[in-house]
Amino acid sequence: EAGVVQSPRYKIIEKKQPVAFWCNPISGHNTLYWYLQNLGQGPELLIRYENEEAVDDSQLPKDRFSAERLKGVDSTLKIQPAELGDSAVYLCASSLGDRGLETQYFGPGTRLLVL
Amino acid sequence: AQSVTQPDIHITVSEGASLELRCNYSYGATPYLFWYVQSPGQGLQLLLKYFSGDTLVQGIKGFEAEFKRSQSSFNLRKPSVHWSDAAEYFCAVGLSSNTGKLIFGQGTTLQVKP
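Each protein sequence line maps, in turn, to chains A and B. Heads up: the first sequence runs through residues 4 to 118, numbered per my numbering. Heads up: the second sequence runs through residues 6 to 119, numbered per my numbering.
Hints are computed from structural coordinates only; laboratory data are not their basis. Here the structure is a predicted model, which is why all the values come from computation and not from measurement. All C-beta atoms, glycine included, are put in the ideal place defined by N, C-alpha and C. Check the hints yourself; a few may be wrong.
Pairs of lysine-lysine residues, derived as DSBU-like cross-links and limited to a Cα-Cα distance of at most 35 angstroms, are as follows [what the hints assert, rightly or not]: (1) K106(B) to K18(A); (2) K66(B) to K14(A); (3) K14(A) to K54(B); (4) K14(A) to K118(B); (5) K19(A) to K106(B); (6) K65(A) to K18(A); (7) K74(A) to K106(B); (8) K54(B) to K74(A).
Derived coverage of chain B by chain A (criterion: at least 3 residues anywhere in the stretch with Cβ under 8 angstroms from a Cβ of chain A; other residues may be distant) [to be verified]: (9) 18-27; (10) 41-53; (11) 61-68.
Required output: the full structure, derived from the provided sequences and hints.
Here is the structure:
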């Protein structure tokens with residue numbers, strides 16, 4: 004069974020440029036999560052989708068970040084414009100459901116460097 | 006507010022020695038507790054989880070963890086560490102049965118000496 008797929012794995016951009024990250028969850032997983040992981044820290048939830056609906060986006064900085072999951076399968080996270088402080092690893096995870104006991108399966112992440 | 010504390014940022018143990026990684030949480034209700042491992046350049050992999058029942062939980066790769074409600078702790082243990090266990094370990098708490106939101110600790114980096 005294929006795991007969570009993310010692309011690109013690495014991205015280097017200049018500040019004020021836009022950037023997008025793509026995630027394809029495990030087949031059949033209805034719930035998709037985007038996390039931000041700063042260096043030396045644990046992941047922090049940015050947004051959670053249940054199918055195509057964003058059910059928790061309270062931690063997403065909506066002035067510059069946006070996300071979509073149009074068909075309830077793969078998802079895109081966008082930053083426009085990027086700032087130096089956005090340099091981090093962006094992790095995608097998926098789970099069968101959204102209950103607290105569901106295991107979340109993580110992708111390898113996209114490492115973003117903003118210059 | 007809910008929080009997870011991993012007091013040890015970095016731990017070094019010799020191969021074959023025992024290991025204990027500490028995790029303390031702050032949460033008003035019965036928590037769902039998880040331990041994940043992250044190898045360099047890899048995503049997080051679940052080692053084990055606790056929801057209810059037996060407070061000693063067995064996981065993959067020979068790891069176990071014990072939930073102690075009185076101490077608000079969920080420490081991870083392994084009796085004999087292998088060089089391949091070198092990685093970063095994250096403790097996390099799930100906030101409720103109705104949401105998959107996890108709060109992660111800042112992680113503990115494990116180094117294994119030959």
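Query raised in the report: Which hint numbers does the structure go against, in order from smallest to largest?
Result: 9, 11
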